[in-house]
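*Asks:* Using the sequences plus the hints, can you model the full thing?
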Amino acid sequence: MVKKDQKKAYIFAVISVLLWSTVATAFKLTLRETGYVELLLMSSLFSFFALFFLLLFQKKLYLLKKLRPGDYVDTALLGFLNPFLYYLIIFKAYSLLPAQLAQPLNQIWGVVIVLFSIPLLKQKVTIKTFAGVLVSFFGVFVLSTEGKLFSFEIKEPFGVFLALFSSIVWSLYWIYNTRSRRDPVVSLFLCFVFGLIFILIYLLLFHQTFQFSFLALAGSLYIGVFEMGITYVLWLKALKFTITTAKISILIYLVPFISLIFIKFILGEKILLSSLAGLVFIISGILISRTKNVSNIKP
Numbered sequence: 008m009v010k011k012d013q014k015k016a017y018i019f020a021v022i023s024v025l026l027w028s029t030v031a032t033a034f035k036l037t038l039r040e041t042g043y044v045e046l047l048l049m050s051s052l053f054s055f056f057a058l059f060f061l062l063l064f065q066k067k068l069y070l071l072k073k074l075r076p077g078d079y080v081d082t083a084l085l086g087f088l089n090p091f092l093y094y095l096i097i098f099k100a101y102s103l104l105p106a107q108l109a110q111p112l113n114q115i116w117g118v119v120i121v122l123f124s125i126p127l128l129k130q131k132v133t134i135k136t137f138a139g140v141l142v143s144f145f146g147v148f149v150l151s152t153e154g155k156l157f158s159f160e161i162k163e164p165f166g167v168f169l170a171l172f173s174s175i176v177w178s179l180y181w182i183y184n185t186r187s188r189r190d191p192v193v194s195l196f197l198c199f200v201f202g203l204i205f206i207l208i209y210l211l212l213f214h215q216t217f218q219f220s221f222l223a224l225a226g227s228l229y230i231g232v233f234e235m236g237i238t239y240v241l242w243l244k245a246l247k248f249t250i251t252t253a254k255i256s257i258l259i260y261l262v263p264f265i266s267l268i269f270i271k272f273i274l275g276e277k278i279l280l281s282s283l284a285g286l287v288f289i290i291s292g293i294l295i296s297r298t299k300n301v302s303n304i305k306p
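In terms of this note's numbering, the sequence shown opens at residue 8 and continues consecutively.
Quick caveat, the hints were computed from the structure, so don't treat them as lab data. Honestly, I wouldn't trust all of these hints.
Unchecked claim - Okay, derived cross-link-like pairs now, DSS-like style, lysine-lysine, Cα gap no bigger than 30 Å in a straight line:
#	residue 1	residue 2
1	Lys247	Lys15
2	Lys66	Lys11
3	Lys277	Lys10
4	Lys67	Lys254
5	Lys244	Lys15
6	Lys66	Lys247
7	Lys11	Lys254
Said to hold, decoys possible - Here are the simulated distance ranges between beta carbons:
#	residue 1	residue 2	range
8	Leu274	Gly154	19 to 27 Å
9	Gln13	Lys67	21 to 29 Å
10	Lys66	Ile204	20 to 28 Å
11	Leu63	Pro164	40 to 48 Å
12	Ile134	Gly154	33 to 41 Å
13	Ile161	Ile204	30 to 38 Å
14	Leu156	Gln13	36 to 44 Å
15	Phe56	Ile161	23 to 31 Å
16	Lys66	Tyr17	21 to 29 Å
17	Leu212	Val80	20 to 28 Å
Backbone N, C-alpha and C fix where the C-beta goes; we use that ideal spot for every residue, glycine too.
*Replies:* Below, the structure is given as structure tokens:
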């Protein structure tokens, strides 16, 4: 039993939030050097090794021997959803959209999870829930049209669709993962084992070229370690130390706003008022509609 320590919880939570806030910028910088499929393969490999050595350091590799056949079936499905399908979609979305648009649109997972929780987790439907959903989707509309609400013009509709669809994939992954009783780090490691298998199959069937550079490898290393793997473990640490998840879960919603700072000063994108306004609507809708069962997830 881990002794509760709110100070440590805040330290781990703040580190997690700061690291997650950099990934949108890291995605765009790395995608300038390589393709989205190559990024998926390389970052997944780095995450696989990072999680393997973490399990080795924590002396948890023996837990792999205790898994039942059904556990491997479950994690194969989870690995298909994440990292394979989720990151395949989101990396493609980032290759098509400005970071200030892709990143906030991806935040809609927070309200999609609420919607999925109604049939899958038997959450109660309330007026507050639907009000939050409407507020968030209005934010999506503001973002997608870049504030041109009456023209209904979307410059890159396929990229917007992918960014939104990725939220469905992530929501299904998280809800299915809540039913797991396996060690979370072991489960995440196995997801990358199976995810890499799916990625290699995809490469063999649909992707013949492969391009990379030193900068692409460096970016993939950063993304694989800090977006896909270790930061998730740091967030789990924060959840274990905190007295109540409410004390740190609210910090998650700082991620997209801090991300805009990195996007402006590192990527050099001029942040549109519509990007900020749309993000405010999305996060406000999530906060309005969120429930206890969806308050401790990663962005």
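*Asks:* The structure should be examined with respect to each hint, and the outcome stated for every one.
*Replies:* Hints versus structure:
Straight-line distance between C-alpha atoms of lysine 247 and lysine 15 comes to about 10 Å, which keeps the hinted pair within the 30 Å bound. Between lysine 66 and lysine 11 the alpha-carbon distance is near 23 Å, which keeps this suggested pair within the 30 Å criterion. Straight-line distance between C-alpha atoms of lysine 277 and lysine 10 comes to about 45 Å, which puts the hinted pair past the 30 Å bound. Between lysine 67 and lysine 254 the alpha-carbon distance is near 29 Å, which keeps this suggested pair within the 30 Å criterion.
Between lysine 244 and lysine 15 the CA atoms are separated by roughly 9 Å; this keeps the pair inside 30 Å, and the hint holds. For the given pair, lysine 66 sits about 19 Å from lysine 247 by alpha-carbon distance, which is consistent with the 30 Å threshold. With a C-alpha separation of about 12 Å, the suggested pair lysine 11 and lysine 254 falls inside the 30 Å cut-off, and the hint holds. Between leucine 274 and glycine 154 the beta carbon distance is about 20 Å. The supplied range of 19 to 27 Å therefore holds.
In this structure, glutamine 13 and lysine 67 meet the distance hint of 21 to 29 Å, their C-beta atoms being roughly 26 Å apart. Distance hint check for lysine 66 and isoleucine 204: the Cβ-Cβ separation is about 26 Å, which falls inside the suggested range of 20 to 28 Å. Under the hint 40 to 48 Å, the C-beta atoms of leucine 63 and proline 164, about 45 Å apart, fit the expected range. Between isoleucine 134 and glycine 154 the beta carbons are some 28 Å apart, a value that contradicts the proposed interval 33 to 41 Å.
Checked against the hint of 30 to 38 Å, the C-beta distance between isoleucine 161 and isoleucine 204 comes to roughly 35 Å, which is consistent with it. A C-beta distance of roughly 43 Å is found between leucine 156 and glutamine 13, which places it inside the suggested range of 36 to 44 Å. In this structure, phenylalanine 56 and isoleucine 161 break the distance hint of 23 to 31 Å, their C-beta atoms being roughly 39 Å apart. Under the hint 21 to 29 Å, the C-beta atoms of lysine 66 and tyrosine 17, about 27 Å apart, fit the expected range.
Restraint check, leucine 212 to valine 80: a C-beta distance of roughly 22 Å satisfies the suggested window 20 to 28 Å.
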